Amino acid sequence: MDAIILQIMNGLDKGSAYALIALGLTLIFGTLGVVNFAHGALFMIGAFCAVTLSRLLTLSHEVIDETRTDFLGNPLKVDVPYLYDFFGTDVGNVLIDWSVPLSIIFAFPIMIAFGVIMERGLIKHFYKRPHADQILVTFGLAIVLQEVIKYFFGANPIPTPAPAAFVGSFDFGALLGFNANQIIYPYWRLVYFLFAIIVIGVVFAFLHLTTFGMVVRAGMADRETVGLLGINIDRRFTIMFGLAAAVAGLAGVMYTPINSPNYHMGMDFLVLSFVVVVVGGMGSLSGAVLAGFLLGILQSFASMAIVIEMIPGINQVIIYLVAIIILLTRPRGLMGKKGVMEE
Amino acid sequence: MSMLDVRNVGKRFGGLQALSDVNLSIAENTVHAIIGPNGAGKSTLLNCFVGKLIPDTGSVMFDGQSVLGRSPHEINQLGISRVFQTPEIFGDLTIMENMMIPCFAKRDGSFELNALSAISRQKDIIEHAEVVLEDMNMADKRDLTAATMSRGDKRRLEIGMCLCQDPKLLLLDEPTAGMARADTNKTIDLLQEIRDKRKVTIAIIEHDMHVVFSLAERITVLAQGSPLVEDTPENIKGHPKVREAYLGESV
Amino acid sequence: MTKSHVTRRGILKSGTVAGAGLAVPTIFSATDASAFTNEPTGDSVVLGFNVPQTGPYADEGADELRAYELAVEHLNGEGDGGMMSTFSSKALSGNGILGKKVTYVTGDTQTKSDAARASAKSMIEKDGAIMITGGSSSGVAVAVQALCQEAGIIFMAGLTHSNDTTGKDKRANGFRHFFNSYMSGAALAPVLSAAYGNDRKAYHLTADYNWGYTTEEAITSSTEALGWETVNAVKTPLTETDFSAYIAPVLQSGADVLVLNHYGGNMVNSLTNAVQFGLRDKQVNGKNFEVVVPLYSRLMAKGAGANVKGIFGSTNWHWSLSDAGSQAFVKSFGTKYGFPPSQAAHTCYVQAILYADAVQRAGSFNPCAVVEALEGFEFDGMGNGPTLYRADDHQCFKDVLVVKGKENPSSEFDLLEIVEVTPVDQVIYPPDHPQFAGGALGTCNPGA
Amino acid sequence: MFGLTKTDFNLLLIIAILVLLAPFLLNPFPEGSKLAQFNGGYPDLMQRFVIFGIFAIGFNILFGLTGYLSFGHAAFLGVGSYSAVWMFKLLSMNIIPAILLAVIVAGIFALVIGYVSLRRSGIYFSILTLAFAQMSFALAYSVLTPITGGETGLQLALDDPRVLGIQVTEQGNIPVPSLFGLEMRSSAELALGPWLFTFNVGYYVCALIMMASFYLAIRIFRSPFGMMLRAIKSNQQRLNYTGLNSRPYTLAAFVISGMYAGLAGGLMASMDPLAGAERMFWTASGEVVLMTILGGAGTLIGPVLGAGMIKYMENIISKINSAILHEWFYWLPAGLEDFMVAVVYPFIGKGWHLTLGIIFMAVVIFLPGGLVEGGQRLLNLIRRRKSSSAEPAKDNLTPPA
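From first to last, the protein sequence lines stand for chains A, B, C and D.
Under the numbering used here, think of the first position of the first sequence as 528, with each following residue one higher.
Under the numbering used here, think of the first position of the second sequence as 8, with each following residue one higher.
Under the numbering used here, think of the first position of the third sequence as 126, with each following residue one higher.
Under the numbering used here, think of the first position of the fourth sequence as 49, with each following residue one higher.
Derived by calculation from the structure, the hints in this document are not laboratory data.
Model, not experiment: these values are computed from the prediction.
Treat the hints loosely; a few may be bogus.
Stated by the list, open to error - Here are some, though not all, of the chain C residues that point toward chain A, as calculated from beta-carbon distances under 7 angstroms: (1) N357; (2) P374; (3) F402.
What the hints assert, rightly or not - In silico BS3-like cross-links for lysine-lysine, where the CA-CA straight-line distance does not exceed 25 angstroms: (4) B/K113 - D/K281; (5) A/K655 - B/K130; (6) B/K130 - B/K113; (7) A/K604 - C/K531.
Note that the Cβ used here is the ideal one computed from N, Cα and C, for glycine as well.
Using the sequences and the hints, build the whole thing.
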């Protein structure tokens with residue numbers, strides 16, 4: 528029982544990352560009809576916004592410490608962040624410690640701008656091109672982006688810890704009457720889950736409650752008609768692309784303490800997020816969220832030792848197996864609309 | 008003898024009863040028009056004939072066999088060819104190739120793995136397609152890509168493709184929609200010729216009464232998903248129920 | 126039918142045949158003048174450095190390449206000579222190998238066996254390389270080793286830790302300086318039991334591929350021999366990035382030690398996740414919960430950041446060793462590149478020097494002569510104490526380091542501290558040890 | 049000739065000449081010169097050119113003609129390789145049974161996967177094929193290790209049975225793949241002044257098979273079957289209402305292209321008897337998509353060009369290191385030399401992925417028809433210069449109108 532509760536929590540947490548990435552992907556698909564293979568790269572760029580901010584905060588000058596030596600026997604050069612000089616050690620340390628949450632403020636405008644530039648500069652020329660061309664050009668862009676990141680940040684993962692306040696885990700088991708340490712969950716993962724729920728909620732509220740969102744949704748349903756009403760749907764779609772980029776980017780920012788970011792983290796998520804979107808149904812926002820959580824939970828169950836013992840290798844293939852079963856029984860995914868992406 | 012026999016067909020889409028209790032019989036070697044106001048269920052009915060939709064109730068018999076539960080290509084192989092409201096052709100292929108494909112379907116059935124012999128060796132197919140192209144007056148355009156043609160030409164091509172198969176029953180869904188008067192007249196001439204020379208049974212959905220009365224021998228008026236009247240063109244003209252259905256006037 | 130399956134490009138490269146005009150195209154009946162593949166006839170010799178330049182191990186590959194460039198400098202008599210001055214064999218004199226200047230070509234393994242073989246083949250066929258070395262995974266090492274055996278080229282493995290490389294997949298033309306899973310287990314177990322006691326329950330997470338299997342087997346068997354119990358061993362997919370689902374149930378199992386048989390990105394993520402779950406702050410069975418990482422590398426430690434603090438693991442070599450060889454190497458490398466070398470750099474440097482030395486001693490580039498010179502070769506001064514290249518399986522036997530994540534690192538390279546240098550006697554095993562069973566060395570192949 | 053039109057025959061002839069003379073064409077620079085770095089005429093790369101050419105030709109029969117984008121085609125290549133290596137292990141080192149088994153097993157595999165995946169179309173089909181291939185990769189890398197060799201790949205061993213051949217050579221080594229005694233790795237060389245050309249048996253075996261595959265592809269393109277496949281891409285609904293069942297057509301195309309992939313896999317194992325699981329990873333499937341689109345999907349020669357281009361980048365550009373760069377720019381003043389090296393360095397050697405990404409983007413943006421379109425535009429430009437007649441040039445590489 529406790530094992531099952533634990534894996535459901537795990538699944539929700541894993542699923543929230545899948546759902547966030549898939550949400551942006553399906554938003555771009557639904558509004559613009561573009562298959563964006565660079566979406567994983569946007570997630571990665573977001574994560575590296577956090578890395579960049581933490582690098583900026585720890586920009587340092589060297590102070591020579593005569594009492595210690597470096598590996599060659601020379602006096603050790605110690606890096607002292609400029610922040611210490613500006614704000615003193617205490618405030619400086621707090622700022623550095625909170626660099627990941629601070630990155631949200633830093634990354635949001637950058638990601639929006641990045642998304643808008645990407646849409647205006649590249650994607651808009653591909654609206655009328657075949658999906659295969661869209662896939663190829665965005666795939667090419669993804670390669671270029673990750674190689675650029677690799678050039679500047681190297682191939683090795685870069686540790687980007689959460690603030691000290693979030694280190695450790697919360698004992699849910701005690702809350703539910705189990706023995707201590709039976710159901711524990713890290714604070715930062717709980718933060719991530721809540722963050723995901725909030726972002727998903729905001730996106731849905733934005734699309735359903737604002738006029739802007741309603742026009743966009745109408746445009747998703749029938750682009751020509753909305754265009755005929757004299758509404759500049761193109762501008763709105765550009766903004767939506769920026770928004771989708773920001774959702775992916777923020778998902779990346781918040782993900783950095785969970786796994787040290789590296790240049791290929793986007794590609795690692797890309798196939799998975801496409802599976803999520805397709806299982807949910809192309810262009811269906813609620814489908815993407817539902818499929819994200821569903822696949823997260825199933826994946827967590829499949830990685831239980833007892834399950835692997837029964838079906839060896841199930842943890843390797845569960846996602847794909849579920850995708851195949853769902854697509855064969857529900858032709859357009861869980862909540863897909865007819866006629867989308869079937870030509 | 009009736010070519011197509013429709014009995015008690017009903018079809019529901021969610022809350023909308025698109026067809027209810029449709030009974031219709033199309034006799035061999037006649038041109039039978041189905042008319043009715045927008046939303047009367049004409050296209051839905053046609054879709055039930057060709058396997059695109061399966062009616063909830065009733066039966067559709069063609070030439071003594073039920074078409075229900077058969078897939079579109081099987082129904083076509085039974086002898087029903089269809090022309091769509093917006094021309095459905097192979098836009099990336101040439102006109103000649105468009106013509107040849109139904110010829111292959113006629114000769115080889117629904118699947119034939121003919122992967123090694125060159126198309127240019129299929130003399131009988133080429134000849135057949137050329138004859139129909141000639142009939143359609145399109146021989147000079149045979150190497151053009153189909154998508155580049157005018158809408159009228161596309162329609163003619165589509166009709167020609169259906170004729171390649173020597174269908175027993177030809178279904179036409181608004182064949183003159185969006186055409187200029189001159190083109191419409193040409194199409195009427197073409198269809199008359201088909202009717203007279205080829206002895207093909209034709210069922211036609213049409214809004215243009217000029218077309219309907221130039222061609223049809225029987226007319227069924229459909230309103231709100233069920234047949235209102237069925238009669239000869241002469242009797243349909245001025246029929247009060249028809250006027251009511253079209254103009255909403257009560258008598 | 127001859128076996129002139131490789132080119133004599135070396136000849137032409139050196140210019141001796143240039144301008145010979147039209148040679149008779151003796152197709153498929155050529156009498157080949159050379160006695161072995163890519164026999165160098167000019168005044169230079171080509172070595173092939175096949176390292177990951179793209180993919181997740183690219184940084185490790187870059188460090189390997191730095192070490193090779195340094196080794197080439199030293200072999201050609203440039204620079205300060207590095208470990209050549211502390212090396213027990215004095216055959217090399219800084220004038221290249223057998224008087225031929227050392228040149229090199231580089232290639233990208235992409236850490237994929239196919240790509241690595243393609244790259245090695247191009248070095249052999251196009252560039253006339255006489256020896257291939259490098260790599261950062263066992264899959265690649267085994268694949269390239271088999272290729273070199275077939276082509277008649279010596280393969281000096283880079284970083285490869287799986288038992289299979291010198292176990293069931295060993296080849297006569299291949300040599301490994303790096304240590305292996307068995308040695309990690311043998312070195313780690315006593316240290317672990319001294320630090321954590323003999324009454325421990327271990328939970329293994331194992332990367333689901335060959336290296337993971339051999340490492341899990343090595344660690345379980347050597348810890349169980351000291352009284353530990355293995356509660357569970359769960360396989361995790363190579364492509365997994367989030368290990369939360371595997372780590373969450375660990376505490377429920379009643380285990381009090383978590384062993385992460387992971388390498389590279391897998392290890393960085395699983396360790397980060399384990400620390401996130403707060404496992405290391407927990408008390409289980411009245412003891413502190415502990416995490417162990419059998420194979421450490423500095424780059425992994427760097428990726429995992431503060432999470433490695435206090436965590437035990439093993440490593441082939443570390444720059445803080447104080448013997449003369451290590452010091453000389455660190456000085457030479459550090460002066461040139463500005464930071465200390467990694468263990469991957471060390472093993473690659475040593476392999477390049479050992480090869481050159483073997484050729485020099487054998488007096489020939491012929492792979493069979495080199496094999497003979499390396500088999501049973503005992504040397505010292507290369508950083509790990511007295512070392513034996515065993516003839517039976519072409520594995521080096523030397524001291525193994527047990528290390529621990531440092532609590533207060535002074536720089537981004539100072540992440541590990543040496544806990545114990547396990548003497549070679551403790552980690553040696555008979556060639557027919559069950560963990561190395563199957564496979565045969567075969568005989569050396571000179572190609573041509 | 050051979051049942052081909054004159055244009056097609058000429059195309060085949062061009063391919064034959066290019067392929068047979070490849071050892072010359074790919075080695076244009078003299079040995080030892082600075083540009084020798086760019087020579088691609090060594091056996092391994094030449095073999096790869098034609099093997100991936102076969103893979104891409106086969107993929108194009110599915111994608112180029114029907115428009116069904118399979119994202120899991122590498123699985124068939126991998127399965128073919130495994131079958132071939134098993135044949136070497138169990139039966140003999142003759143490549144004929146190995147290649148036959150590779151084609152057959154890949155065909156059966158394609159039949160099963162195609163039968164299921166083709167129940168859906170569009171991106172749903174793509175994801176289904178991707179899922180099958182990823183499952184194959186994940187299982188081959190881990191739990192199927194006894195059959196596939198897992199991480200290290202499936203390789204030959206001295207104690208393999210090889211019932212119809214020798215287990216061990218006289219020298220005590222594993223025998224090498226051969227065609228009735230003709231070893232795949234045998235080469236002969238021709239030195240012409242400073243130039244050196246290598247003629248490799250394995251390459252010519254691959255080349256002949258590739259020409260046969262190309263010929264077969266032309267026949268398929270020009271057959272009624274090929275026309276039906278193009279009709280499916282153009283308007284599947286019309287095809288169904290014309291009495292044709294599209295499912296067996298697409299399935300046949302899927303199986304044929306799967307068999308091409310199996311053939312490529314079998315040949316790969318025959319040239320180098322090791323089969324690694326990475327061959328089935330989704331990026332490997334993506335690679336053949338890129339090859340096909342880069343060259344020009346739906347054209348006959350495009351995929352072959354695309355395959356050549358990508359393999360050339362992977363094997364030649366990736367090997368350029370900074371030492372070589374310094375050699376190139378040594379004649380510049382010191383500061384400028386370093387500057388040039390710094391500018392070029394990110395794009396070569398370990399940066400070859402970056403160059404690849406940029407080329408893809410450039411081709412897709414500016415040449416939607418791939419390299420073939422680029423060639424045609426160039427040709428048109430030249431023709432227009434030659435004759436002022438405004439008649440548009442007819443392309444002879446795409447399927448004839």
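Against the structure, the hints come out as follows:
{"no.": "1", "hint": "N357", "result": "holds, 5 angstroms"}
{"no.": "2", "hint": "P374", "result": "holds, 6 angstroms"}
{"no.": "3", "hint": "F402", "result": "holds, 5 angstroms"}
{"no.": "4", "hint": "B/K113 - D/K281", "result": "holds, 21 angstroms"}
{"no.": "5", "hint": "A/K655 - B/K130", "result": "violated, 39 angstroms"}
{"no.": "6", "hint": "B/K130 - B/K113", "result": "holds, 15 angstroms"}
{"no.": "7", "hint": "A/K604 - C/K531", "result": "holds, 19 angstroms"}
In this structure, the one hint that does not hold is number 5.
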